[in-house]
Amino acid sequence: MKFITKFFWLFVGVLFIFSGLIKINDPVGTAIKLEEYFEVFSTDIAPFFKSFEPYSLFLSIFLSAAEIVLGVALLVRFRLKLILWLLLLIIVFFTFLTFYSAYFNKVTDCGCFGDAIVLTPWQSFTKDIVLLLMILVLLFTQRYLPPFVRASSGTIITIITAALSVVIGWYAYEHLPYIDFRSYKVGNNIPELMKPSAPLRYKYVMTKDGQEEEFEEYPTDTTYTFKEMLAVNPEDGPKITDFNVWNDEADFTQEVLSGNKLLILVQSVAKAEQKNFESINALVKAAEKAGITPMVITSSSAQDFEVFRHEVNLAVPFYFGDGTVLKTIIRSNPGLVLLQNGTVKGKWHHNDTPDIEEVQELLAEGE
Numbered sequence: 001m002k003f004i005t006k007f008f009w010l011f012v013g014v015l016f017i018f019s020g021l022i023k024i025n026d027p028v029g030t031a032i033k034l035e036e037y038f039e040v041f042s043t044d045i046a047p048f049f050k051s052f053e054p055y056s057l058f059l060s061i062f063l064s065a066a067e068i069v070l071g072v073a074l075l076v077r078f079r080l081k082l083i084l085w086l087l088l089l090i091i092v093f094f095t096f097l098t099f100y101s102a103y104f105n106k107v108t109d110c111g112c113f114g115d116a117i118v119l120t121p122w123q124s125f126t127k128d129i130v131l132l133l134m135i136l137v138l139l140f141t142q143r144y145l146p147p148f149v150r151a152s153s154g155t156i157i158t159i160i161t162a163a164l165s166v167v168i169g170w171y172a173y174e175h176l177p178y179i180d181f182r183s184y185k186v187g188n189n190i191p192e193l194m195k196p197s198a199p200l201r202y203k204y205v206m207t208k209d210g211q212e213e214e215f216e217e218y219p220t221d222t223t224y225t226f227k228e229m230l231a232v233n234p235e236d237g238p239k240i241t242d243f244n245v246w247n248d249e250a251d252f253t254q255e256v257l258s259g260n261k262l263l264i265l266v267q268s269v270a271k272a273e274q275k276n277f278e279s280i281n282a283l284v285k286a287a288e289k290a291g292i293t294p295m296v297i298t299s300s301s302a303q304d305f306e307v308f309r310h311e312v313n314l315a316v317p318f319y320f321g322d323g324t325v326l327k328t329i330i331r332s333n334p335g336l337v338l339l340q341n342g343t344v345k346g347k348w349h350h351n352d353t354p355d356i357e358e359v360q361e362l363l364a365e366g367e
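Take 1 as the starting number for the sequence shown in the UniProt record's numbering and just add one per residue.
Treat the hints loosely; a few may be bogus.
To be verified - Here are the in silico distance ranges between beta carbons for each label pair: (1) P47 with P147: 43 to 53 angstroms; (2) N189 with L82: 43 to 53 angstroms; (3) K271 with Q211: 45 to 55 angstroms; (4) W122 with P47: 24 to 34 angstroms; (5) D322 with Q211: 53 to 63 angstroms; (6) P317 with D44: 40 to 50 angstroms; (7) P54 with Y144: 43 to 53 angstroms; (8) P146 with Y55: 50 to 60 angstroms; (9) Y218 with P317: 17 to 27 angstroms.
Unchecked claim - Here are the simulated lysine-lysine pairs, BS3-like style, with alpha carbons at most 27 angstroms apart: (10) K33 with K50; (11) K227 with K275; (12) K261 with K203; (13) K203 with K33; (14) K195 with K6; (15) K271 with K327; (16) K185 with K275; (17) K261 with K227; (18) K195 with K285; (19) K185 with K195; (20) K50 with K185; (21) K239 with K127; (22) K50 with K261; (23) K327 with K285; (24) K203 with K285; (25) K261 with K275; (26) K208 with K195; (27) K208 with K227; (28) K289 with K275; (29) K239 with K275; (30) K50 with K2; (31) K208 with K33; (32) K33 with K327; (33) K261 with K208; (34) K50 with K6; (35) K271 with K261; (36) K327 with K185; (37) K127 with K195; (38) K208 with K2; (39) K185 with K81; (40) K195 with K327.
Calculated from the structure, these hints are not laboratory results.
Built from N, CA and C at the ideal position, the CB exists for glycine as well.
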């Protein structure tokens, strides 16, 4: 039993730290996931959940930091009984979230490990059940886990871990995630990722006499009733399926993915930060002189963007894109993306707007 307890202790501690680090690497993405939950709960459970949405970023950093702190405290066995009870409360809460998402098919990705490891709702629920059982075992067998450090040392370690976690999360928010796990990361070619990596294969789910059967080819027996068609190898499908750019006159997706383009992405003018547009406008002018085409892509309406562009003096043609896609491409509003024939050469938070020399250097690397 002692071996099992120590294995559970190590596994739970490392997993909580890993989960917290993945989330705090991308606090904006975690906040977006929390907003999804608040939206669902406000509709299905109680309207007051909607009031949490403005605090999603704060909760994102706080909860991610809490996971890291609890994981570290568990590993150094600081205030073990208290830490285990806190872990139990957290995992019970997460288990409820994942069960609700899975059973009612409300949030299709729990965001447990951000974009690094995408789990289905039922996989997430299973993971939480396993962790719940492990934590319960640890609660009843903690006698096998004597303290590693003195109380004073444990306090210092916990405080330092909490401070570092918050700083890491806030820096990622003010700039960009340290590691980009999304399909639009630097180096990826968007047109290639819009194609399947291999031909998709399907199976057919049919019913007959109340029984379901699966076929690799559509059955010729007319007594079967078609139920659904499922991809056998969905992992070989396109990694990017929803990248589209348009205006009121035409589709401009292919235009964006050809040549050298400097994209200024404005997800929503209502939430866009305006303080760095002086630097952005200077880069736009320099890019035009260097033969790089600047383009704005926004999810706001034409009327709202016209007002916004005059407020920030942004004299660049603008086009439209899906708001969710823009949030996926870059965790900054506004944000800048440099494309060379559809390949992502650079991405910048508006706080880190580059100069034209940096942009030209990146483009020269691909020639």
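Each hint, compared with the structure:
A hinted range of 43 to 53 angstroms holds for the C-beta pair P47 and P147, which are about 46 angstroms apart. Look at N189 against L82: about 50 angstroms separates their beta carbons, and that is inside 43 to 53 angstroms. Our hint of 45 to 55 angstroms for K271 and Q211 holds, since their Cβ atoms are close to 52 angstroms apart. The hint said 24 to 34 angstroms for the Cβ distance between W122 and P47, and at roughly 28 angstroms that hint holds.
Range check, D322 to Q211: about 41 angstroms between beta-carbon atoms, so the 53 to 63 angstroms window is missed. At roughly 42 angstroms, the beta-carbon separation of P317 and D44 lies within the given 40 to 50 angstroms, and the hint holds. Range check, P54 to Y144: about 45 angstroms between beta-carbon atoms, so the 43 to 53 angstroms window is met. For the pair P146 and Y55, the supplied restraint of 50 to 60 angstroms is violated, since their beta-carbon distance comes to about 39 angstroms.
At about 48 angstroms, the beta-carbon gap between Y218 and P317 misses the expected band of 17 to 27 angstroms. Our distance criterion of 27 angstroms between C-alpha atoms is met by K33 and K50, whose separation comes to about 14 angstroms. Note on K227 and K275: the hinted pairing is violated, with a Cα-Cα distance of about 54 angstroms set against a maximum of 27 angstroms. Taking the CA atoms of K261 and K203, the gap is about 41 angstroms. The hint is violated against a cut of 27 angstroms.
Between K203 and K33 the alpha-carbon distance is near 32 angstroms, which puts this suggested pair outside the 27 angstroms criterion. About 46 angstroms separates the Cα atoms of K195 and K6, which puts this hinted pair outside 27 angstroms; it is violated. With a C-alpha separation of about 12 angstroms, the suggested pair K271 and K327 falls inside the 27 angstroms cut-off, and the hint holds. Between the alpha carbons of K185 and K275 the distance comes to roughly 25 angstroms, so the proposed pair stays at or under 27 angstroms and holds.
Taking the CA atoms of K261 and K227, the gap is about 45 angstroms. The hint is violated against a cut of 27 angstroms. Taking the CA atoms of K195 and K285, the gap is about 34 angstroms. The hint is violated against a cut of 27 angstroms. Distance check on the hinted pair: K185 and K195 sit about 17 angstroms apart at the alpha-carbon level, within 27 angstroms; holds. With a C-alpha separation of about 32 angstroms, the suggested pairing of K50 with K185 is violated against the 27 angstroms cut-off.
Only pairs whose Cα atoms come within 27 angstroms are accepted, and K239 paired with K127 is accepted, the gap being roughly 25 angstroms. Distance check on the hinted pair: K50 and K261 sit about 38 angstroms apart at the alpha-carbon level, beyond 27 angstroms; violated. Simply put, K327 and K285 have alpha-carbon atoms about 25 angstroms apart, close enough for the 27 angstroms limit, and the pair holds. Simply put, K203 and K285 have alpha-carbon atoms about 53 angstroms apart, too far for the 27 angstroms limit, and the pair is violated.
The hinted pair formed by K261 and K275 meets the criterion: a straight-line CA distance of about 23 angstroms does not exceed 27 angstroms. About 36 angstroms separates the Cα atoms of K208 and K195, which puts this hinted pair outside 27 angstroms; it is violated. The hinted pair formed by K208 and K227 meets the criterion: a straight-line CA distance of about 10 angstroms does not exceed 27 angstroms. Between the alpha carbons of K289 and K275 the distance comes to roughly 24 angstroms, so the proposed pair stays at or under 27 angstroms and holds.
The suggested pairing of K239 with K275 is violated, with an alpha-carbon distance near 34 angstroms, which exceeds 27 angstroms. Taking the CA atoms of K50 and K2, the gap is about 46 angstroms. The hint is violated against a cut of 27 angstroms. Distance hint between K208 and K33 is unfulfilled; the C-alpha atoms sit about 40 angstroms from each other, more than 27 angstroms. In summary, the hint linking K33 to K327 is supported, as the alpha carbons are separated by about 12 angstroms, within the 27 angstroms threshold.
Distance restraint check for K261 and K208: the Cα-Cα separation of roughly 55 angstroms exceeds the 27 angstroms cut-off, and the hinted pair is therefore not satisfied. For the given pair, K50 sits about 41 angstroms from K6 by alpha-carbon distance, which is inconsistent with the 27 angstroms threshold. A threshold of 27 angstroms between alpha carbons decides the hint, and for K271 with K261 the separation of about 24 angstroms falls inside it, so the pair holds. Only pairs whose Cα atoms come within 27 angstroms are accepted, and K327 paired with K185 is accepted, the gap being roughly 13 angstroms.
Note on K127 and K195: the hinted pairing is violated, with a Cα-Cα distance of about 32 angstroms set against a maximum of 27 angstroms. The suggested pairing of K208 with K2 is violated, with an alpha-carbon distance near 53 angstroms, which exceeds 27 angstroms. Restraint check for K185 and K81: the C-alpha separation of about 42 angstroms exceeds 27 angstroms, so the hint is violated. A distance of roughly 21 angstroms separates the Cα atoms of K195 and K327; the hinted pair therefore holds under the 27 angstroms criterion.
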